[in-house]
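Undergrad: Take a look at the letters that make up each chain.
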Amino acid sequence: MLVEYLYSPSCPSWKEGLTRLLEVLEEEGLKDHVEVRRVLVPDEETAARLRFPGTPTYRALGEDLFGDTPADRGDHEACRAYITPEGRVSPIPSRAMLKGAVRSRLRPAVQDLGEGQGTERR
Amino acid sequence: MARIAIGEAMIPFENLPGVDGRSYSSGDFSSSPLLALFFSCNHCPYVQAWEGRFVQFQKEYADRGVQLVAINSNDDTAYPEDSFEAMVARAKEKGFNFPYLRDADQSVARAYGAERTPEFFLFDRERRLIYHGAFDDNYEDPEKVRHPWLKMAVEAALAGREPEVKETPPVGCTIKWKRR
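One line per chain: the protein sequences are A and B, in this order. Counting with my numbering, you get residues 85 to 206 for the letters of the first sequence. Counting with my numbering, you get residues 4 to 183 for the letters of the second sequence.
Heads up, some of the hints might be wrong.
Said to hold, decoys possible - Here's a subset of chain B near chain A, in silico, CB distances under 10 Å, partners left out: (1) His46; (2) Cys47; (3) Pro48; (4) Gln51; (5) Ala52; (6) Glu54; (7) Arg119; (8) Glu143; (9) Asp144; (10) Pro172; (11) Lys179.
To be verified - In silico DSS-like cross-links for lysine-lysine, where the CA-CA straight-line distance does not exceed 25 Å: (12) A/Lys99 - A/Lys183; (13) B/Lys147 - A/Lys99; (14) A/Lys183 - B/Lys147; (15) B/Lys62 - B/Lys147; (16) B/Lys147 - B/Lys169; (17) A/Lys99 - A/Lys115.
Worth flagging that the hints you see were computed from the coordinates, not collected in a lab. Positions of the beta carbon are idealized from the N, C-alpha and C atoms, including for glycine.
Build out the structure end to end from the sequences listed, making use of the hints.
TA: So this is what it looks like as structure tokens:
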């Protein structure tokens, strides 16, 4: 199972967004079943080609982990806004938001692939 | 990188339109002992995460002679959310209690060498730069702020001291420059 982490270092939270994902995958027991691939978005051409909505963006199986993808701007320096369950705007998803996305979107996909906890690896 | 160093004089600006319909120049704030200019915008999630704190800050410090002034220099072609009309709407929606000015030709941001939104420049009574950088050290959660950088600098200046921390890296979105 592959998760793509799309980012530009122009947004200061890019490292924290990646660290948080890796920590959540470990906490959820999915670290060995999910490969996280860093995808640098270095310029406007790449941003347009990837339909990049901003840093950080998490994609698996071609879909955004947070569903409602904002419009891409063709700006590799765009920082993405996330709305927390408390109604705050944040430039990165909270740990709870990431955990929710991993549980609702990644875990079922991993299990479908027979790679999740309690299933044999193939 | 900022083009104004700690201890240097404020770079004046003239006739920037404000969301209240008035036009502002830097000299209009001469009666305020401390002036905190900051480059800001509508669209950036870092600004949005912090802006409630900016309003609270101005409320807390207005009576102590501290004036916040926000300047939006972003290219509103690429980011229509940063148009003057959108600025007027956001200021109203969020209850901004400080001037929110449009730097349409980006000359003020260029003169200051500003790079981010938000990015603060705090000037003392003599209009010398005494602090440059971030508002505080936690954009995500106001409850977890350990270093309220701007407040620390303001409190030091109000007490007649130099700020202990004069510069921090500004944290936010890049300023959206017009294509040349």
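Undergrad: Run every hint past the structure and note whether it holds.
TA: Hint by hint, here is what the structure shows:
no., hint, verdict
1, His46, "8 Å, holds"
2, Cys47, "6 Å, holds"
3, Pro48, "4 Å, holds"
4, Gln51, "4 Å, holds"
5, Ala52, "5 Å, holds"
6, Glu54, "9 Å, holds"
7, Arg119, "8 Å, holds"
8, Glu143, "5 Å, holds"
9, Asp144, "8 Å, holds"
10, Pro172, "8 Å, holds"
11, Lys179, "8 Å, holds"
12, A/Lys99 - A/Lys183, "17 Å, holds"
13, B/Lys147 - A/Lys99, "19 Å, holds"
14, A/Lys183 - B/Lys147, "21 Å, holds"
15, B/Lys62 - B/Lys147, "21 Å, holds"
16, B/Lys147 - B/Lys169, "21 Å, holds"
17, A/Lys99 - A/Lys115, "18 Å, holds"
When the structure is compared with the earlier hints, no violation turns up for any of them.
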